[in-house]
Every structure is written in C-alpha cells, then in structure tokens.
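Student: The residues making up each chain are set out below.
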Amino acid sequence: MKIQKANAGVLTNFEVLDFLQSRGAKIDPMGCLGAVAASECKVYEYLLKTPACNQTRESILKFVKRSEGFRLAEADKLNVINWRPSSAADAYAMIEECGKRFSRDERGEACDEDVRVQEFLDIVKEVLPPPPPKAGADVDAEAEAKAKPMQE
Amino acid sequence: MFTLSQIEHNLPMPPHMLSRPLPEAIEAELKTLFLDKVIAKLGLCVSVYDIRSVEGGSIHPGEGCSTYKVSFRLLMFKPFIGEVLVGRISGYDDKGLQISLDFFNDICIPGHLMQYGTVRGPDGRWMLKTEDGDELHLDLDDEIRFVVSSIKYPPIPIEQKEDEPPFAPMQIVGSIKGDGLGLLAWWAADEEGEEEAEQ
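Residue numbers (our numbering), protein chains in the order written: chain W, 1299 to 1450; chain C, 2 to 200.
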C-alpha cells in the first residue's frame, strides 16, 4: 500500500451524507443489508442527526459567498457549516480567535464585536436550513398533541 | 470531520472474484480490505469513495490470482485538530469522560481539559460547580460538544494484559474548555428562554 495523498480534500458532513445516500444508505436497518456496509450505515445515521441532514449544495455555496466578508479560514467555515451555530457562544467555540476576527469589518475598520457576531449569526440563520427538532422534543410535542383531545 | 485519502495498492484478485465485472470486483475487494479499519495517520476508513485507475493484471508465478495496481480514494473519518464535534457521553472514570459518536467510540476528555471548576462528585459523576453554587452534572447519554485537541495512533501492543481496555488503534483526545463547549443543554437554555419570551 502506498499513500499517494494523505489529504486529498476535506468533505463537509453534507457531502458525506449525500455520498452515502447515493450509495443507497437508508435508515431502515434491514434495508442497509447488502447495499452498504455496517460502518457506512452507522455514519449515515449519525449524520442524519446533525444539521447536515437538510442542507443542500446551494445553501452551502450561498453561505460561503455571503460569509466572504468575515475572512474565515476554511476550517472555521467547515465547523460552521457542519454545526450551524445558533448563539454567540456557539460561534466562539467554532471559530478560532473569534474576538480578533469579529472586531474588524470588511474594510478592516474597527467595529463592535457583538454586533458583528450577531450579523454573522443572522446570515447563518438565514442561509443554512435549521436543524431537525430533537427526538425528545418531538415525543413531548406528540404527547401534548395526544393529551389535548383527551382533555376536550 | 471527513477527508479523502488517495492510495495506491497492489491488489491481488482472488480467482473466485473473476466471474464478476472488474470494477465491481475491485471495489468489493477494497471494501473487505479497508472498510471500518484504522490506517495509521490517515484515520478510520468509512467507505471507498472512487477508483481512479486500474493498471496491470499480471499473474505472478506460483499464484492463482491476478494482481492489479489500483489507485483509489477512501473516505476517512479524520477530524482535524481544533474541529468541533458533537457526541454522546458513554462512560466516565477518574481520568475523565468517554465519548461516543455512534460509529467511533475511542474519544476521551481528560479532567484537565474540562471547564475550570469541574470535579468528580461523590457518586463518581463529573460535575461543573458554577460561581452561583449550582452543580451541573455531566451524565451518561448527554449530548456534548467538544474540540479535538489531539489524535493518537498508538502502536499495536505485543502483549495484551487482561485488565487493560481493548486496544484502540486511533484515540481522539477532546477538550471542553472554552466558550460554547460542554453539554449542548448548557448553551441551548438561553436561546429557548429568548424564544419563550418572544412568544
């Protein structure tokens, strides 16, 4: 075995999900037999629970374009696309040296960091589709829906 | 989280595979060879992404199989240092927390890489003591966000002692020291509060 290129490109979670889907990965455990290997199936199931599950190629391209002014590194963009930060604290975890990056605007002039972070989060919120509701929350909602008619 | 790695390999094709079309047979062979295995320094192989080229097909003396020189790309699970991942707490001990990503389990968060003030409670669970005196427990099955601080590929041990945990060819060390890291519930709470206020 000879390693020609250890790193021949990084993929976002969405691309992996899309690739596995094209190979025939399904959530049904029996449907997976034969079509894809167990390891692929597990990755697929994990990715379905991440914000990548309802992204599209267009939404990611749009995000990359819109976020140009923030001068993010590729790694930061990847983190943001994979996990879709929804609060300033999330953004600080995902973007390196958030404080330095967000204290200057497109033209390199000093600006308010908090405002700038919020601006960035608004773009994320607008362009990337929201993650699926949590399974737990779903159960609660269903339970509530069921409980209501009974009260009536 | 996932990268592609381009690899060239001299692949012997066992005779019983010769009845199948070549690309299909090569992919099946590559899958049995690499899938779900860790290649040192490259990460855990998730899938065969594509086959770039196939050359040769020579039969060596004394062998019943034809050998192809195949160049292909593998889809590897290899997070970079500083990448944010979300997993589930699958266990804890006095060293720290063990995290599972469902498809990959050898992740640990040692005690010194947790938020300042995280200690072990009397019942053995890790908890974060806040300034207000609250105790935030890190429970099993809680969803946790962490950054990758290092990845280790320990050499295969020659001898396996009985009381040692099973050998892990790839170990990820995570950190939850920093803003926005730790249990998802810690950081989601404010947002829900805001939404409720809006409603």
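Any given hint could turn out to be false.
[Unchecked claim] Computed list of lysine-lysine pairs in DSS-like fashion (alpha-carbon distance at most 27 Å, straight line):
id: 1; chain 1: W; residue 1: 1300; chain 2: C; residue 2: 153
id: 2; chain 1: C; residue 1: 70; chain 2: W; residue 2: 1300
id: 3; chain 1: W; residue 1: 1303; chain 2: C; residue 2: 162
id: 4; chain 1: C; residue 1: 162; chain 2: C; residue 2: 96
id: 5; chain 1: W; residue 1: 1347; chain 2: C; residue 2: 178
[Claimed, not checked] One-sided and incomplete, this derived list gives chain C residues near chain W with beta-carbon spacing under 7 Å:
id: 6; residue: 10
id: 7; residue: 47
id: 8; residue: 51
id: 9; residue: 69
id: 10; residue: 74
[Claimed, not checked] Each pair of labels, with its calculated beta carbon distance range:
id: 11; chain 1: C; residue 1: 23; chain 2: W; residue 2: 1394; range: 42 to 50 Å
id: 12; chain 1: W; residue 1: 1405; chain 2: C; residue 2: 91; range: 45 to 53 Å
id: 13; chain 1: W; residue 1: 1409; chain 2: C; residue 2: 125; range: 44 to 52 Å
id: 14; chain 1: C; residue 1: 144; chain 2: W; residue 2: 1354; range: 20 to 28 Å
id: 15; chain 1: W; residue 1: 1322; chain 2: C; residue 2: 21; range: 13 to 21 Å
id: 16; chain 1: C; residue 1: 23; chain 2: W; residue 2: 1307; range: 20 to 28 Å
id: 17; chain 1: W; residue 1: 1307; chain 2: C; residue 2: 185; range: 44 to 52 Å
id: 18; chain 1: W; residue 1: 1405; chain 2: C; residue 2: 180; range: 25 to 33 Å
None of these hints come from the bench; they were simulated from the model.
All of these numbers come straight from a predicted model, not from anything done at the bench.
Heads up, the beta-carbon is just placed ideally off N, CA and C, and yes, glycines get one too.
Student: Give a verdict on every hint.
Tutor: Hint by hint, here is what the structure shows:
1. At roughly 21 Å between alpha-carbon atoms, residue 1300 of chain W and residue 153 of chain C fall within 27 Å of each other, so this suggested pair holds.
2. For a cut-off of 27 Å, the pair hint linking residue 70 of chain C to residue 1300 of chain W stands: about 11 Å separates their Cα positions.
3. Our distance criterion of 27 Å between C-alpha atoms is broken by residue 1303 of chain W and residue 162 of chain C, whose separation comes to about 36 Å.
4. For the hint pairing residue 162 of chain C with residue 96 of chain C, the CA-to-CA distance comes to about 19 Å; that is within 27 Å, so the pair holds.
5. For the hint pairing residue 1347 of chain W with residue 178 of chain C, the CA-to-CA distance comes to about 24 Å; that is within 27 Å, so the pair holds.
6. Taking 7 Å as the C-beta contact cut-off toward chain W, the hint placing residue 10 of chain C at the interface holds, the least distance being around 5 Å.
7. Given hint, residue 47 of chain C at the interface with chain W, holds; its Cβ is 5 Å from that chain's nearest Cβ, closer than 7 Å.
8. With a least beta-carbon distance of about 10 Å to chain W, the hint placing residue 51 of chain C at the interface is violated under the 7 Å criterion.
9. With its C-beta approaching chain W no nearer than about 13 Å, residue 69 of chain C sits outside the 7 Å limit, and its interface hint is violated.
10. The closest approach between the C-beta of residue 74 of chain C and any C-beta of chain W is roughly 6 Å, which is under the 7 Å cut-off, so the hint is satisfied.
11. Between residue 23 of chain C and residue 1394 of chain W the beta carbon distance is about 46 Å. The supplied range of 42 to 50 Å therefore holds.
12. Between residue 1405 of chain W and residue 91 of chain C, the C-beta spacing of about 48 Å keeps the proposed range 45 to 53 Å intact.
13. Judged by the Cβ atoms, the range 44 to 52 Å given for residue 1409 of chain W and residue 125 of chain C holds: they are separated by roughly 48 Å.
14. The beta-carbon spacing between residue 144 of chain C and residue 1354 of chain W, approximately 25 Å, falls within the hinted interval of 20 to 28 Å.
15. One distance hint, 13 to 21 Å for the beta-carbon pair residue 1322 of chain W and residue 21 of chain C, holds here, with the actual separation near 18 Å.
16. For residue 23 of chain C and residue 1307 of chain W, the hinted distance range of 20 to 28 Å is satisfied, since their beta carbons lie about 26 Å from each other.
17. About 29 Å separates the C-beta atoms of residue 1307 of chain W and residue 185 of chain C, a value inconsistent with the hinted range of 44 to 52 Å.
18. A C-beta distance of roughly 27 Å is found between residue 1405 of chain W and residue 180 of chain C, which places it inside the suggested range of 25 to 33 Å.
In this structure, the earlier hints numbered 3, 8, 9 and 17 are contradicted, and the remaining ones agree with it.
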